[in-house]
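Student: Sequence:
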Amino acid sequence: TLQKTIIRNAQQCERCGKRLRECYIYQRTIRTLSGSVNLNVHARKCPDHGETNRNVLNTLVNGSLFDPAVIIAVGLLRFMLDYQREEIQILLESRGYPGPTGEIFNLSRKFLLRFYCIHRRHMK
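Oh and the sequence shown: position 85 is 85 in the working numbering, straight run, nothing missing.
No wet-lab data here; the hints were simulated from the structure.
Hints should not be assumed to be uniformly reliable.
Cβ-Cβ distance ranges computed for the label pairs, FRET-style [as the list claims (entries may be wrong)]: (1) Arg28 / Gln84: 16 to 22 Å; (2) Glu86 / Arg114: 44 to 50 Å; (3) Asn106 / Gly17: 37 to 43 Å; (4) Ser34 / Met123: 17 to 23 Å; (5) Phe79 / Gly35: 22 to 28 Å; (6) Leu76 / Gly35: 18 to 24 Å; (7) Ser36 / Ile72: 31 to 37 Å.
These figures come from a predicted structure and were not determined experimentally.
Where is the CB? At the ideal position from N, CA and C, for every residue including glycine.
Can you make the complete structure from the sequences, with help from the hints?
Tutor: Pasting the structure below:
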């Protein structure tokens, strides 16, 4: 459903409303709380003035292999419930993701960075 919504929103140019032409497709497998999902993001371009769906591409194709819900879940388990990395690793393995504890450390750091940025933005 995520993929269908994003593709539907990126069909028309924001400036002139014309249908965007497909240039290429980004393909990636991301890990979600319910398992792995194959994600295809279509890069499109306006035929008249070259406007692209870059905002969609930047949102989804940023190099992360994890759904933001996984990052949030790991961060909450780590910092709110005070789980250790090994305990989180066991929980993730029960969901079908056999990842190392170093990956859990990286996910919890991403959570802290996002949490900090959100609070900084709201403090202004």
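Student: Run every hint past the structure and note whether it holds.
Tutor: Cross-check of the supplied hints:
{"no.": "1", "hint": "Arg28 / Gln84: 16 to 22 Å", "result": "violated, 30 Å"}
{"no.": "2", "hint": "Glu86 / Arg114: 44 to 50 Å", "result": "violated, 23 Å"}
{"no.": "3", "hint": "Asn106 / Gly17: 37 to 43 Å", "result": "holds, 41 Å"}
{"no.": "4", "hint": "Ser34 / Met123: 17 to 23 Å", "result": "violated, 34 Å"}
{"no.": "5", "hint": "Phe79 / Gly35: 22 to 28 Å", "result": "holds, 25 Å"}
{"no.": "6", "hint": "Leu76 / Gly35: 18 to 24 Å", "result": "holds, 20 Å"}
{"no.": "7", "hint": "Ser36 / Ile72: 31 to 37 Å", "result": "violated, 18 Å"}
Hints 1, 2, 4 and 7 from the earlier list are contradicted by this structure; the remaining hints agree with it.
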